[in-house]
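Student: Assemble chains B and C onto chain A, guided by the hints.
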Amino acid sequence: MSRRPLAVLSDGAVGAVAVIAVMLGSGASGSLAAEQAAERREAAEEAARRASAIEQDAEREDAAVSPRGAREHLPASRDVASLPTVASINLCTDQLVLHVADPVQIVTLSWLSADPEESTLAEAAARYPLNYGSAEEILRFDPDVVIGGVYTNAFTRALLRDLGYTVVDIEPATSLDDIEANVRRIAAAMGRVERGEQVVREMQARIARHRRRLDSSPVAAIVVRPGGFTVEAPSLAHELMTLAGLRNLPAELGLDRWGSLSVETLLHHPPELLVFASYRRDDASLANAVLAHPALERIAERTVTADVPASLWSCGLPNSLDAVEMLERAADRARSARASNARRSVLAESTR
Amino acid sequence: MTLRLDGVGVRYCRRTAVVETTLELGAGQLVGLVGPNGAGKSSLLKAIAGLVPHTGAITWRSMPLKRMDRLERARTIAYLPQSADAHWPITASELVALGRMPHLGFAERPGPRDAAAVAWALERCAATALAERRVDRLSGGERARVLLARALAVESPVLLVDEPIQSLDPRHQLNIMRVLRDCAGRGTLVVAVLHDVALAARYCTRIVLLAGGRVVGDGAAETVLTADALARWYGVEPYVARHLGEPVVLPWRQID
Amino acid sequence: MSGAPSGAASLGSTARRFDAVPYAVLVPLLLGACVLSLWIGRTSTGPMLGFGDAAIAGAVLTEIRVPRTLLALLVGGTLGLSGAALQGLLRNPLAEPGLLGASSGAALGAVLVFYFGLAAADSLVLPLGGVGGSVAALGLLYGLAGRRADLVTIVLAGIAINALAAALTSLALNFAPSPYAALEILFWMLGSLADRSVVHVLLALPLMLPGWLLIGAAARGLDALTLGEDTAASLGFPPARTQWLVIGGTALSVGAAVAVTGVIGFVGLVVPHMLRPWVGHHPRRLLVPCFVAGAALTLLADVAIRMMPPGPELKLGVVTALIGAPFFLQLILRHGREGGL
Numbered sequence: 000m001s002r003r004p005l006a007v008l009s010d011g012a013v014g015a016v017a018v019i020a021v022m023l024g025s026g027a028s029g030s031l032a033a034e035q036a037a038e039r040r041e042a043a044e045e046a047a048r049r050a051s052a053i054e055q056d057a058e059r060e061d062a063a064v065s066p067r068g069a070r071e072h073l074p075a076s077r078d079v080a081s082l083p084t085v086a087s088i089n090l091c092t093d094q095l096v097l098h099v100a101d102p103v104q105i106v107t108l109s110w111l112s113a114d115p116e117e118s119t120l121a122e123a124a125a126r127y128p129l130n131y132g133s134a135e136e137i138l139r140f141d142p143d144v145v146i147g148g149v150y151t152n153a154f155t156r157a158l159l160r161d162l163g164y165t166v167v168d169i170e171p172a173t174s175l176d177d178i179e180a181n182v183r184r185i186a187a188a189m190g191r192v193e194r195g196e197q198v199v200r201e202m203q204a205r206i207a208r209h210r211r212r213l214d215s216s217p218v219a220a221i222v223v224r225p226g227g228f229t230v231e232a233p234s235l236a237h238e239l240m241t242l243a244g245l246r247n248l249p250a251e252l253g254l255d256r257w258g259s260l261s262v263e264t265l266l267h268h269p270p271e272l273l274v275f276a277s278y279r280r281d282d283a284s285l286a287n288a289v290l291a292h293p294a295l296e297r298i299a300e301r302t303v304t305a306d307v308p309a310s311l312w313s314c315g316l317p318n319s320l321d322a323v324e325m326l327e328r329a330a331d332r333a334r335s336a337r338a339s340n341a342r343r344s345v346l347a348e349s350t351r
Numbered sequence: 000m001t002l003r004l005d006g007v008g009v010r011y012c013r014r015t016a017v018v019e020t021t022l023e024l025g026a027g028q029l030v031g032l033v034g035p036n037g038a039g040k041s042s043l044l045k046a047i048a049g050l051v052p053h054t055g056a057i058t059w060r061s062m063p064l065k066r067m068d069r070l071e072r073a074r075t076i077a078y079l080p081q082s083a084d085a086h087w088p089i090t091a092s093e094l095v096a097l098g099r100m101p102h103l104g105f106a107e108r109p110g111p112r113d114a115a116a117v118a119w120a121l122e123r124c125a126a127t128a129l130a131e132r133r134v135d136r137l138s139g140g141e142r143a144r145v146l147l148a149r150a151l152a153v154e155s156p157v158l159l160v161d162e163p164i165q166s167l168d169p170r171h172q173l174n175i176m177r178v179l180r181d182c183a184g185r186g187t188l189v190v191a192v193l194h195d196v197a198l199a200a201r202y203c204t205r206i207v208l209l210a211g212g213r214v215v216g217d218g219a220a221e222t223v224l225t226a227d228a229l230a231r232w233y234g235v236e237p238y239v240a241r242h243l244g245e246p247v248v249l250p251w252r253q254i255d
Numbered sequence: 000m001s002g003a004p005s006g007a008a009s010l011g012s013t014a015r016r017f018d019a020v021p022y023a024v025l026v027p028l029l030l031g032a033c034v035l036s037l038w039i040g041r042t043s044t045g046p047m048l049g050f051g052d053a054a055i056a057g058a059v060l061t062e063i064r065v066p067r068t069l070l071a072l073l074v075g076g077t078l079g080l081s082g083a084a085l086q087g088l089l090r091n092p093l094a095e096p097g098l099l100g101a102s103s104g105a106a107l108g109a110v111l112v113f114y115f116g117l118a119a120a121d122s123l124v125l126p127l128g129g130v131g132g133s134v135a136a137l138g139l140l141y142g143l144a145g146r147r148a149d150l151v152t153i154v155l156a157g158i159a160i161n162a163l164a165a166a167l168t169s170l171a172l173n174f175a176p177s178p179y180a181a182l183e184i185l186f187w188m189l190g191s192l193a194d195r196s197v198v199h200v201l202l203a204l205p206l207m208l209p210g211w212l213l214i215g216a217a218a219r220g221l222d223a224l225t226l227g228e229d230t231a232a233s234l235g236f237p238p239a240r241t242q243w244l245v246i247g248g249t250a251l252s253v254g255a256a257v258a259v260t261g262v263i264g265f266v267g268l269v270v271p272h273m274l275r276p277w278v279g280h281h282p283r284r285l286l287v288p289c290f291v292a293g294a295a296l297t298l299l300a301d302v303a304i305r306m307m308p309p310g311p312e313l314k315l316g317v318v319t320a321l322i323g324a325p326f327f328l329q330l331i332l333r334h335g336r337e338g339g340l
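Protein chains in written order, with numbering that gives the first Met the number 0: chain A, 0 to 351; chain B, 0 to 255; chain C, 0 to 340.
So that you can see chain A by itself, here it is in the shape it has in the complex (with noise of 0.2 Å):
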């Protein structure tokens, strides 16, 4: 594991000492990043020959302080030890990971992912180690992948690079080609091809049966976000409510790029369909409480209205399919309520 060519510090040697040391020494860092990301990759390469060492793994890891000691409780496949480990640091890619690895190769994923509110596989990440995104977390996992997400950690990610890490930097989903498009790249990353494959096929046929469901008469619908933002389009959210036969109304009406939706502009144009995208519903916040606004309770009481967890589409995840499924559940409920009202109202004329 000693794969740094750095000259070890002494116990004591902690203190102004170091730090002169560390000084003079840091002009060379450059070059030390790029030596250790070579003799990393010789490393692996070094693993990959000893296909079966997964019991010796486990012994060199005996430390039970080792996060890595997770390893020993999981079930081994045949060729999980020329797999690249790897560390997620992102709500998002911890889900993706999840999705995609053996599970022998997560050595620890981010705090929120085992956070049900969070999370939409949270009791599959609590089984893993947990990081708060810092380099020095990472660095005692020590993994032969990181795997980000663009917008956050920036510093962090910069830093695991110049340390020779390999980092993976994934894009937020803004669509549900940028999903299949970033399982492929963790995949890719964790060597694990094959399962990325097979995950997007499973998302193309859940997509087409979706498509071929799709019916000639959207509900007009509106999605309350927390914080009271609507879905804007294009996006990932819109993407996935018109695959479940709706309308987005405020994209109707020009409220883009995070709309904030006005009690009034929802008393003037009112839904078919009433969705929440619910979110830690129990916590007092402020976004919440425009959630809980009277006019929309009223609202609510004319209007068919449905409940999606945010961690479902908050995050471009294979089973943000699941939104659609839902959606497209509750779509059906407007329309039988749309068809109840119009049979009301003709009923209404019949009789005066």
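Simulated from the structure, these hints should not be mistaken for laboratory data.
If you're wondering where the values come from, they're calculated on a predicted model, not measured in any experiment.
Please note that the accuracy of each hint is not assured.
Listed next, the in silico SDA-like pairs over lysine to any residue satisfying Cα-Cα at most 25 Å (straight line) [stated by the list, open to error]:
id	chain 1	residue 1	chain 2	residue 2
1	B	K65	B	P111
2	B	K65	B	Q28
3	B	K65	C	G227
4	B	K65	C	L30
5	B	K65	C	P237
6	B	K65	B	E154
7	B	K65	C	D229
8	B	K65	B	F105
9	B	K65	C	R240
10	B	K65	C	P308
11	B	K65	C	T152
Between beta-carbon pairs, the in silico distance windows are [to be verified]:
id	chain 1	residue 1	chain 2	residue 2	range
12	C	I331	B	D84	18 to 24 Å
13	B	K65	C	T152	25 to 31 Å
14	B	H194	C	R333	57 to 63 Å
15	B	V239	C	P276	36 to 42 Å
16	B	D68	C	I158	49 to 55 Å
17	A	P269	C	T152	53 to 59 Å
18	B	M0	C	T152	54 to 60 Å
19	B	M0	C	P27	34 to 40 Å
20	C	L208	B	G37	35 to 41 Å
21	C	T152	B	A106	29 to 35 Å
22	C	A216	B	Q81	57 to 63 Å
23	C	I331	B	G6	51 to 57 Å
24	C	T152	B	G37	25 to 31 Å
25	B	E131	C	P27	26 to 32 Å
C-beta atoms are modelled at their ideal positions from N, C-alpha and C, and glycine is treated no differently.
Tutor: Using the frame of chain A, we list chains B and C on its own:
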């Protein structure tokens, strides 16, 4: 050792404060710059101190002030502004030591020579006992003495003071005037803007009377601060007399 | 020259007393803070830094903790130094480096870089945007206030620039390409030293160094300003020169600091006040002790952050504000009561 003003004029935007003034001021003089409000006294003093842009030339010992380097000029001319004050609560001796700044290089620390100058300046102004007091806790009279000591500590051959006795009680006024006369007695050229014509007449060796930005009188107190001049330029009728051989000029009545 | 020996002696002793005391306390404090900073990590402490592997421990020390420590020293020192210089320049004990708009300009610059998505490629683009922002803010200040501007005009221009930068930053937040980007911008504005590398030290230092030198060149001018602008000019230190030296130095050094760490408030305000009772009120004598104390305070605040219980790291700007705000309040109360300093 003369300070020569050659056609010195001061303009603020559109207003002319001082019209081409030519004066020759010699070492050892205590020059009282007097005149009604708005006569241009302070402007002239600031022009000499290099604080306002001016036309014409000012030379000290034939050396144009404009050609001097900043610190050389600061060593030549000390200036005590009207209603000067310290913005930080430093001690009196620290304040006076600021007067030594033109003598010190970039990282130079004050030496025994500077300490001696500070001590001398404090002593001249009868402020030695105040040395370790914080300036924000001094009375008005004490502070005026310390501030004057700061200007003296520069040990410059030229000392410019603007209204040094403003808002002081009579005892302190006399005290400050005596210090200024002593300085002149030691060979310093002292130029003081004064509103109090009585004290100006009594202490100054030379009076320069300004009105409307021009010199309208220059010479000994008796020849400049006459009843006619005071009536014409100040609009007052004075009581003029001599007491113990020194001139007394006391504004007595406003002329309508 | 008939010297008064007592006066001369007391003057000399005063100067010596003022110089020795703060360093006798500050230097050990600073060294202690450095040792703590190298010793204590977010997840582990101790001689081996809690890493079984000596090579990894060495990497953590040299590539994570040392840069972080150095940056805390540089940034904290810059904030303390520029705070002392600005308070001396404005002769106002409530002056602060953020006053001139250099901080908010740098923040805006970094946010704009983020908005246009340039920072995604390499985190170094973010600091560069910050430096650009602080230079732009200074340029605007210069344009608004002019060459021979009085301090009131400069302060008012600074307020205007701060307001403009804050408004534009909010606008950028509104147009952020993703909620994650907006969140990251907000976090960045709170200031942090987490996971900065030697690269950031090397990026900030070349701008900080000339900034410090400019402020140092203004040191005597600041002392002269104690007696007001006219006296300062008559002592050979024209206020306009002092003014632009301090403003230029602050913009460069604080701009570079904000660019790599985000906005860290209150250090520049609090440190000069903490030191005045020991060092005296001479602006020049305050400069170096304020640099040292600012560095120590910032580093200790950062160490405190690392000692918090496990969880996402607290932002440094939040901690300095938590320390600074009550101090500021007490200062204002005392200011109102005594009507002085």
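Student: Next step is simple, just say for each hint if it's right about the structure.
Tutor: Hint-by-hint comparison with the structure:
no.	hint	verdict
1	B:K65 with B:P111	violated, 31 Å
2	B:K65 with B:Q28	holds, 23 Å
3	B:K65 with C:G227	holds, 22 Å
4	B:K65 with C:L30	violated, 49 Å
5	B:K65 with C:P237	holds, 14 Å
6	B:K65 with B:E154	holds, 20 Å
7	B:K65 with C:D229	holds, 17 Å
8	B:K65 with B:F105	holds, 22 Å
9	B:K65 with C:R240	holds, 17 Å
10	B:K65 with C:P308	violated, 66 Å
11	B:K65 with C:T152	violated, 28 Å
12	C:I331 with B:D84: 18 to 24 Å	holds, 22 Å
13	B:K65 with C:T152: 25 to 31 Å	holds, 27 Å
14	B:H194 with C:R333: 57 to 63 Å	violated, 38 Å
15	B:V239 with C:P276: 36 to 42 Å	violated, 56 Å
16	B:D68 with C:I158: 49 to 55 Å	violated, 37 Å
17	A:P269 with C:T152: 53 to 59 Å	holds, 55 Å
18	B:M0 with C:T152: 54 to 60 Å	violated, 41 Å
19	B:M0 with C:P27: 34 to 40 Å	violated, 55 Å
20	C:L208 with B:G37: 35 to 41 Å	violated, 50 Å
21	C:T152 with B:A106: 29 to 35 Å	holds, 32 Å
22	C:A216 with B:Q81: 57 to 63 Å	violated, 30 Å
23	C:I331 with B:G6: 51 to 57 Å	holds, 52 Å
24	C:T152 with B:G37: 25 to 31 Å	holds, 26 Å
25	B:E131 with C:P27: 26 to 32 Å	holds, 29 Å
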